[in-house]
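J.: Each chain, written out:
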Amino acid sequence: MNDLETRLKDALHADEPPVRDPLFRVEVLLRLERARFKRRVGRALAVAGVLAVLAAMNVRVIDDWVAADDRRLWIAALAAVATLWTIAVVMTGPRFRMAARAFGRMLYP
Amino acid sequence: MSDDDAALLTAVRGGSELAFNTLVDRHQQAVRIFLRRLLGNEADADDMAQETFLAAWTHARSFRGEASVRGWLCGIAWRKAKGAQRSWARQRSRDTAHHDLSMESGAAATMEDRLAVKRALQALPLEQRAAVTLCLVCGFSHSEAAGILGSALGTVKSHVLRGRERLMKEIEKSA
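Residue numbers (our numbering), protein chains in the order written: chain A, 1 to 109; chain B, 1 to 175.
Keep in mind that the hints were calculated from the coordinates and are not lab data.
Mixed in with the good hints, there may be bad ones.
[What the hints assert, rightly or not] 30 Å max Cα-Cα, derived BS3-like pairs, lysine-lysine:
(1) B:Lys80 with A:Lys38
(2) B:Lys82 with B:Lys169
(3) B:Lys169 with A:Lys38
(4) B:Lys173 with B:Lys157
(5) A:Lys38 with B:Lys173
(6) B:Lys157 with B:Lys80
(7) B:Lys169 with B:Lys157
(8) A:Lys9 with B:Lys157
(9) B:Lys82 with A:Lys38
(10) A:Lys38 with B:Lys157
(11) A:Lys9 with B:Lys80
(12) B:Lys80 with B:Lys173
Okay, chain A solo, but in the shape it has when bound (with noise of 0.2 Å):
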């Protein structure tokens, strides 16, 4: 190998990053999490508005549904769980768990 292949073959390895580098590694893993924060997001606001659009054209069909027969109370608190349930998917986010956790460490130091 002569002078000349010697130095572009240098010039072609400058500046080439770490074999290991965790700090990129950790770049990688909170990009995934965002990705699935926006995903679980995106899914719950989307079930979530459906459910409201639904509710709100049908007020009145559900009403007397509900008031025809007692028993159908239950079949609306158990929608109304699945509800809740929902948004309980968005709170068990990252971002979600990141603040209580420092909500814990600020109540138990």
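Starting from the structure of chain A, add chain B where the hints point.
T.: Chain B alone, transformed into the frame defined by chain A:
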């Protein structure tokens, strides 16, 4: 593909974050070097490298084992770079090319050589730059590079040969 990489990717497909961490650790350097030489900007390159690993996590099932895991990752990076070519071509400024060259000691190449090679690389057409980087910097064979770029083997060989000549000329001039 090494057995280790095969096992890792199977675990990644199954949703193992630990395996994904190892995959990132093992291949981040190659992907980042490839993108740094291709884009000519460290920040953009590292950003795109992160996106590449994110895509690898999401599409792990699309790996068919025809190439090495490293080659597959570089293929994802190549497609991302090609897609973003227009936007980063506008941002690229040759006047500020030296800003990305680290002044850290330990590098065997002189600043003049590094700048000359960087400028010459950026002057090459994108596909030729990618072929040169894959073969001369990342250590892929011509056929592996052809697979990654989705080009004919002869095209890659010609790209590498001509690109190398051009870089050598620039190095010679910078002396």
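J.: Which hint numbers doesn't this structure obey?
T.: 3, 5, 10 and 12
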